[in-house]
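**Q** The task is simple: from the sequences and hints, build the whole structure.
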Amino acid sequence: KLDKKDYTRALLCDTQPADCPIIFSNDGLYANLAYFDVNYKTSTDFTPLSSFLKKIINPSLDLSITVDEREQKRKKQSFPFGYCIVKDSFSLRRLSLIHPRSQLNYCEFYKNYSSVITYNSSKSNYSIRYPKKVANSFFLYEKNGAERYKGEDIETTEDELMRKYSSSYFSYGGFNRIYKLFQSKSFFELEKRFSIMWMLDVSHCFDSIYTHSVSWALKNKAYIRKHVTNSNQFGQELDTLMQRSNNNETNGIPIGSEFSRIFAELIFQRIDNNIELDLMDEHGWKNKKDYVILRYVDDFIVFCNNESNAEIISKTINVKLNEFNLQLNKNKFKKYSRPFCTSKTGLIIKVNELIQNLESKLYEKHDGNIVLNKIRNKHDLKVYMINNIKSICLDSQASYSDVSSYLLSSLSKRLIALIHHFSFEKNKDEEFKKIKDVIFTLSDLMLFFFSVNPTVSSSY
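Residue numbers (this note's numbering): 11 to 470.
Source of the hints: derived by calculation from the structure; they are not laboratory data.
Do not rely on the hints blindly, as some may be mistaken.
Computed spacing ranges between beta-carbons, pair by pair [what the hints assert, rightly or not]:
no. : residue 1 : residue 2 : range
1   : S453      : F100      : 27 to 35 angstroms
2   : K121      : V77       : 14 to 22 angstroms
3   : F458      : N257      : 39 to 47 angstroms
4   : A427      : N146      : 26 to 34 angstroms
When the alpha-carbon atoms are kept at most 30 angstroms apart in a straight line, the in silico DSBU-like pairs for lysine-lysine are as follows [claimed, not checked]:
no. : residue 1 : residue 2
5   : K342      : K330
6   : K133      : K444
7   : K325      : K202
8   : K342      : K298
9   : K444      : K388
10  : K133      : K190
11  : K354      : K298
12  : K195      : K392
13  : K190      : K388
14  : K354      : K400
15  : K360      : K299
16  : K360      : K444
17  : K190      : K392
18  : K375      : K423
19  : K344      : K229
From the three backbone atoms N, C-alpha and C, an ideal C-beta is built for every residue, glycine too.
**A** Structure representation (structure tokens):
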């Protein structure tokens, strides 16, 4: 079980970007803060660690200055460290690593306002990824070998009891990956009811968010302007916190951390409500009856039964986004009619069939037991797999970047399952050689697909 009072655990999952290089994490920061809390919190003895933490990371613990000075230093603006990761074959994505002092302020905000965050994130009928409650599990059960390792996914309410590590401060309602929507029962039910599906994307979402708009979303512009001097309001405090962590910028929020996604979610919850009210008032259309809108962070998916209605809904979404200085990216409109199969979905189906075929060549499963097959030529098997992936990409007009992450994830899960299934000390020489050949084959394939499309998220 997790200690819900340990609000600094947000440092491990919510305050830093998910796409950090494998050589970097907040684990050391979290451990040092915990060590300091036990050993030096009330001590006036000088040590390099205590001095650094008091002067740089958490000035509120510096007993050598007044209370007002501590608060002033704690809330002082900071400048995030920007870095780039590979987005696709042709472009990079710029992310921001927040200063540790500001990350700690994020944790403090979670401590004070977790219940307010979850309350204000539960108002939309469209959102399929929203903080639902504070996560409360560390681990109770390991479903398979992969659960032994720390991952980057958020917790959903359904799977939080299956995790060894808490991968997010909150448990989330809906889906932790958008592809899981397209594999869900609810998606097939929507395809039965509606003949049209449009996918819409908000243009430069996080770069365009105006920090003051979170206050407008939680109240309204007129109310905020009337009570602007009241800095104790939840929205006002969140607005100020986000500005201070981003060098006092009001246009745009740092990209990468879960905290920023929650900030955006609070705004989009209001936008969702405005869209739903407008469609009811102007057209008499009821959500889940005349149409369905789903939203995953800043991606909208519209379901309805004719294109004219889809056009009206899309325009309404754009109008309501404009009220918060946001807009749809018209170059990324994707329109589908039944069957609802995106190019990415079709690609993954073919790749998955190939992986299943590879698995049957490597081993067989019988009543929970794994029986290894003898690999006669590892090189030929790797060539077979790689050439078939090339063929699939060529037929689908796709590239390695479209399939490499899925391949790495699928192959690594199988590799981990094999490693934890077999006891290497008890195996005979012949059996040990089979295990070694399977592990080497999977590892070589993973290294190849990572090298042709190296990304941070697929590196661990």
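**Q** Does each hint fit the structure? Answer for all of them.
**A** Do the hints match the structure? See the list:
Hint check: S453 to F100, Cβ distance near 29 angstroms, so the stated range 27 to 35 angstroms holds. One distance hint, 14 to 22 angstroms for the beta-carbon pair K121 and V77, holds here, with the actual separation near 19 angstroms. In this structure, F458 and N257 meet the distance hint of 39 to 47 angstroms, their C-beta atoms being roughly 42 angstroms apart. Here the CB-CB span from A427 to N146 is close to 28 angstroms, well matched to the stated 26 to 34 angstroms.
Between K342 and K330 the alpha-carbon distance is near 18 angstroms, which keeps this suggested pair within the 30 angstroms criterion. Distance hint between K133 and K444 is unfulfilled; the C-alpha atoms sit about 55 angstroms from each other, more than 30 angstroms. For a cut-off of 30 angstroms, the pair hint linking K325 to K202 stands: about 25 angstroms separates their Cα positions. The hinted pair formed by K342 and K298 meets the criterion: a straight-line CA distance of about 25 angstroms does not exceed 30 angstroms.
Taking the CA atoms of K444 and K388, the gap is near 11 angstroms; set against the 30 angstroms cutoff, the hint holds. Distance hint between K133 and K190 is fulfilled; the C-alpha atoms sit about 22 angstroms from each other, no more than 30 angstroms. Restraint check for K354 and K298: satisfied, since their Cα atoms lie roughly 26 angstroms apart, inside the 30 angstroms limit. With a CA separation close to 35 angstroms, the supplied pair K195 and K392 exceeds the 30 angstroms bound.
Restraint check for K190 and K388: the C-alpha separation of about 33 angstroms exceeds 30 angstroms, so the hint is violated. As the CA atoms of K354 and K400 are separated by approximately 15 angstroms, the hinted pair is consistent with the 30 angstroms bound. A hinted pair counts as satisfied when its Cα atoms are at most 30 angstroms apart, and K360 with K299 does not qualify at roughly 34 angstroms. Our distance criterion of 30 angstroms between C-alpha atoms is met by K360 and K444, whose separation comes to about 28 angstroms.
With a CA separation close to 29 angstroms, the supplied pair K190 and K392 stays within the 30 angstroms bound. Note on K375 and K423: the hinted pairing holds, with a Cα-Cα distance of about 15 angstroms set against a maximum of 30 angstroms. For the suggested pair K344 and K229, the alpha carbons sit about 33 angstroms apart, so the restraint of at most 30 angstroms is broken.
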